[in-house]
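Student: Reminder that position 34 of the sequence shown reads as 34 in the UniProt record's numbering, one-by-one numbering, no gaps.
Calculated from the structure, these hints are not laboratory results. Everything numeric in this text was worked out from a predicted model, so none of it was measured. Beta carbons are placed, not taken as given, at the ideal position from N, Cα and C, and that holds for glycine. A couple of the hints might just be wrong.
As the list claims (entries may be wrong) - Below are the DMTMM-like pairs computed for lysine to aspartate or glutamate, each with C-alpha atoms no more than 20 Å apart in a straight line:
| id | residue 1 | residue 2 |
| --- | --- | --- |
| 1 | K59 | D87 |
| 2 | K158 | D134 |
| 3 | K167 | E110 |
Claimed, not checked - Computed spacing ranges between beta-carbons, pair by pair:
| id | residue 1 | residue 2 | range |
| --- | --- | --- | --- |
| 4 | Y163 | K59 | 16 to 22 Å |
| 5 | K178 | V62 | 32 to 38 Å |
| 6 | D136 | L91 | 32 to 38 Å |
| 7 | K59 | L181 | 38 to 44 Å |
| 8 | N156 | G67 | 36 to 42 Å |
| 9 | K182 | K59 | 40 to 46 Å |
| 10 | K85 | R151 | 16 to 22 Å |
| 11 | K178 | G133 | 35 to 41 Å |
| 12 | L91 | V62 | 27 to 33 Å |
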Amino acid sequence: GLGLLQRKANRWAAPPAFFGASSGAPHARPCRQPRASAAGAEPRGAGDSRPPALVCGYKIPVIENLGATLDQFDAIDFSDNEIRKLDGFPLLRRLKTLLVNNNRICRIGEGLDQALPCLTELILTNNSLMELGDLDPLASLRSLTYLSILRNPVTNKKHYRLYVIYKVPQVRVLDFQKVKLKF
Numbered sequence: 001g002l003g004l005l006q007r008k009a010n011r012w013a014a015p016p017a018f019f020g021a022s023s024g025a026p027h028a029r030p031c032r033q034p035r036a037s038a039a040g041a042e043p044r045g046a047g048d049s050r051p052p053a054l055v056c057g058y059k060i061p062v063i064e065n066l067g068a069t070l071d072q073f074d075a076i077d078f079s080d081n082e083i084r085k086l087d088g089f090p091l092l093r094r095l096k097t098l099l100v101n102n103n104r105i106c107r108i109g110e111g112l113d114q115a116l117p118c119l120t121e122l123i124l125t126n127n128s129l130m131e132l133g134d135l136d137p138l139a140s141l142r143s144l145t146y147l148s149i150l151r152n153p154v155t156n157k158k159h160y161r162l163y164v165i166y167k168v169p170q171v172r173v174l175d176f177q178k179v180k181l182k183f
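Build out the structure end to end from the sequences listed, making use of the hints.
Tutor: Okay, structure coming up:
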C-alpha cells in the first residue's frame, strides 16, 4: 500500500540536479508521502517495484528538464517545492503517479493529456487552486482515476466535489474518498 511507497521513498537519495535544483540548493528535506484517509483509499500504483523519482523539498519554482529522466519512472514526487503552474512535462508514457502536494500551484496547464497519457494518480493537496475553472484541464487526463485537491481554496466553493466529478468523470477516488454515483 501507500506505506510501502513511503518506506521505499525513504531509502533513495535525493535526485540529480537535472530536475532544476541548483548546485547551491540546500539539502532536501525527507519526502513525506500523502496519507490515505480513514476511507482506506490509496493510489493503485503504490505497490510498484520501481522507486519514485524524489524531487521534493528543493524549492523548485518550475517543472523543467524532465526529458533527462528518459521516461524511466512510474512515479515522480515534486512535494514541498515552490511550483506555481502544473506544466512543462515532456512526453512521459510510463508516469502513472504524480505527487505535487505542498507547492503553490494556482494554474494547471493545457495539454497534460499529451505529455502524461497514462497518469492515473495526481495528488495536488495543499496548493493554491482558487476557482472551479482552474480544474478544467484535468478533464483531458483520460486515465486519471485518483485525484486529491484537499486544502486548496477551491475546495471551499459550493459543490466543488460535484463539479470535479462532472468535469472529470473518470475519477473514481476524489480527496481520498470513493466517488459514489447516485441515481
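Student: Does each hint fit the structure? Answer for all of them.
Tutor: Now the hints, each set against the structure:
1. K59 x D87: holds, 16 Å
2. K158 x D134: Holds, at roughly 15 Å.
3. K167 x E110: Measuring from Cα to Cα gives roughly 15 Å; hence the hint holds.
4. Y163 x K59: 16 to 22 Å: violated, 32 Å
5. K178 x V62: 32 to 38 Å: holds, 34 Å
6. D136 x L91: 32 to 38 Å: 22 Å Cβ-Cβ, so the 32 to 38 Å window is violated.
7. K59 x L181: 38 to 44 Å: holds, 41 Å
8. N156 x G67: 36 to 42 Å: holds, 37 Å
9. K182 x K59: 40 to 46 Å: At roughly 43 Å between Cβ atoms, K59 and K182 fall inside 40 to 46 Å, so the hint holds.
10. K85 x R151: 16 to 22 Å: holds, 18 Å
11. K178 x G133: 35 to 41 Å: Check failed, 25 Å falls outside 35 to 41 Å.
12. L91 x V62: 27 to 33 Å: violated, 18 Å
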